[in-house]
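Enquirer: Dock chain V against chain E, hints included.
2 protein chains.
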Amino acid sequence: MDTIRLAIDVEGGDFGPEVVISGILEAKAGSLIPFVPYLCGNKDRIEQIIVNSGGRDLLKNCEIVHCSERISPDDKRSSAWKQRADSSIIRSITLQKYGIVDASISAGDTAILLGAAHFILGHTDGALRPVLAAFLPTARQKPVLMLDVGANLECRTEHLVSFADLGFAYLSKYLGRSDVSVALLNVGTEPSKGTKTIISANEILKEKYNSYIGYIEGNGVLKGYADIVVCDGFVGNALLKSFETFYILAESVLAKDATLLKKFRDHISVIDPESYGAVPFLGIKGTVLKAHGGSTSRAIANSITTALSAVEKEAVWPKNMRPKGN
Amino acid sequence: MDTIRLAIDVEGGDFGPEVVISGILEAKAGSLIPFVPYLCGNKDRIEQIIVNSGGRDLLKNCEIVHCSERISPDDKRSSAWKQRADSSIIRSITLQKYGIVDASISAGDTAILLGAAHFILGHTDGALRPVLAAFLPTARQKPVLMLDVGANLECRTEHLVSFADLGFAYLSKYLGRSDVSVALLNVGTEPSKGTKTIISANEILKEKYNSYIGYIEGNGVLKGYADIVVCDGFVGNALLKSFETFYILAESVLAKDATLLKKFRDHISVIDPESYGAVPFLGIKGTVLKAHGGSTSRAIANSITTALSAVEKEAVWPKNMRPKGN
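Protein sequences, first through last, are from chains E and V. Be aware that the first sequence starts at 9, since it is given in our numbering, and climbs by one per residue. Be aware that the second sequence starts at 9, since it is given in our numbering, and climbs by one per residue.
Chain E on its own, in the form it takes in the complex (with noise of 0.2 Å):
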């Protein structure tokens, strides 16, 4: 098994660097596919964090990449990738762009990283666009991918449809299956239901796919009936922001009963998104992995695990079409 190599952008997400040093420290300790990281940011910081938080000998299996450049609120974010090319969001899609790392995670902006990846590392033949992807809970205990959840708010037929293909391709590698079924978003399950978009992309994709179960409602996205949901960026990001409080809200029920508030939480861990770590961007040519901006330490270690994973099973970019580096 190769070492893999994973930039990591220690600036990025809400509670800063000394969290997804923790996460680095949580993986390493626990992860069976070994990997070297690169720890894009502050040099300084980095280290006096990795010493006082007694992981010494990460020092020793690690680069840390010195950026001297941060992120301002008063960025451009869709210019970033050129303007803020020395900051940590950056540089960790500039190194696998030279081939220095095989894969890269970021918790930070997802519009910035965004932007940089589709800019700096290229977009895929098929895809339109590149895609945001999100993994949700379901009732039958295995997450469902859905996508776009953010990154393309107006769509077409033709969006829709190379969503379902990047879905398809990226799920079937990384699960190993080639009968992952696909499901597309709609307001009913009737033929006549939908706009016309959503009609003839449900058109195309009965013809595309053997495993394409026709449309779902909001309802089946969490019933788990498909492991493909496909859908505008628009309406996606809606769900999913509003999946991530269901746990709040299922707490402000339970508030008054402390007894029964711990006993949930200790059952919670499925629909917490803390437990499903990052999601690649589809479409673009390489592994890039946007962690959640409020990632925990936790979060970050099962960041680093999906990365590592998909890197193995080349689920979103062959090895062979990596850049030789140095």
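The hints are simulated quantities; they were obtained by calculation from the structure and are not laboratory data. Hints may contain errors.
Copies of the same chain look alike in the list, so a pair counts if it fits in one copy or across any two.
[Claimed, not checked] Pairs of lysine-lysine residues, derived as DSS-like cross-links and limited to a Cα-Cα distance of at most 30 Å, are as follows:
#, residue 1, residue 2
1, LYS84, LYS204
2, LYS327, LYS216
3, LYS84, LYS214
4, LYS321, LYS270
5, LYS270, LYS231
6, LYS270, LYS150
7, LYS201, LYS332
8, LYS204, LYS51
9, LYS231, LYS105
Expert: Just chain V now, with coordinates in the frame of chain E:
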């Protein structure tokens, strides 16, 4: 207090007339507002069910409106309002048109009911299209009114603004408050986020309502940040239906622990769609409430309470604008 005359489509709903009639009996027993139900459906069957359920008193205090037709799955939903004029769902609307009742409720097909309300009663001048709203639970223990949830799938700016107008007019009267807050669903809260349609609706709403609080994301809906959330009918429908499955997901999480599951069920009414009853179509010249297809008798009873309250507060349509009946 005037006695309210309420048409009820006894044949509508997934569980048949027995459940609807049970709901009417529950509402009769518990309602503080006096009302006479106009039971639309098959006369013989209605009388039989009332007798069987031990509700003979109801027979003395209701009107039975015999309907000779039934909606068939082959009927075109857009023209059912004229093709099946003597079906229970259409008659419940016609009774309102002729001033025989003050409001109506159906748990039948949304598209058929909306078409009938639109074409038989007409839509209000300010409204571009009739709108379907829904109450959703939130973590603040008060519901949020979301609209549209499925009647208008593709919306221009002026549609979104009209949803805000209709929702504000309804909820401010229903709650008796002039400060109900309005938010616009978007994929982010920064001013640059979203489609052109959303961005221009945001500009208009900002000028129009003091209580407009701007963009809300999918995770803000359930957190209860706003009293009213405006969105297009496609995303609203997907969110509404997904919220309905939250408790199914929670139950699947807890299924291994019978004690915990039982306790959870005791607490869960706040996220149980049944407890919210029905919501009116907005932008229609009359008070037409759509109850959930899967309504239990308790949900029907709650729907009746909502309808009586909406009529009394003139929340949907003013009393002096109602047609004069016999």
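Enquirer: Go through the copies and call it for LYS327 and LYS216: within, between, both or neither, with a Cα cutoff of 30 Å.
Expert: Within one copy, since 27 Å is at most 30 Å while 56 Å is not.
Enquirer: Evaluate LYS231 and LYS105 at a C-alpha cut-off of 30 Å and name the case that applies: within, between, both or neither.
Expert: neither (39 Å within a copy, 41 Å between copies)
Enquirer: Is it within a copy, between copies, both, or neither that the alpha carbon of LYS204 lies no farther than 30 Å from that of LYS51?
Expert: Result: close neither inside a copy nor across copies, 53 Å intra and 42 Å inter.
Enquirer: Treating 30 Å as the Cα threshold, decide for LYS84 and LYS204: within, between, both or neither.
Expert: between (35 Å within a copy, 18 Å between copies)
Enquirer: 30 Å Cα cut-off: does LYS270 pair with LYS150 within a copy, between copies, both or neither?
Expert: both (24 Å within a copy, 24 Å between copies)
Enquirer: Within a copy, between copies, both or neither: where do LYS84 and LYS214 come within 30 Å Cα-Cα?
Expert: between (41 Å within a copy, 24 Å between copies)
Enquirer: One pair to classify: LYS270 and LYS231, alpha carbons no more than 30 Å apart. Within, between, both, or neither?
Expert: both (25 Å within a copy, 21 Å between copies)
Enquirer: Given identical chains, is LYS201 near LYS332, meaning Cα to Cα at most 30 Å, within a copy, between copies, both, or neither?
Expert: neither (49 Å within a copy, 37 Å between copies)
Enquirer: Within a copy, between copies, both or neither: which one fits LYS321 and LYS270 at a CA-CA cutoff of 30 Å?
Expert: neither (38 Å within a copy, 42 Å between copies)
Hints 4, 7, 8, 9 from the earlier list are contradicted by this structure; the remaining hints agree with it.
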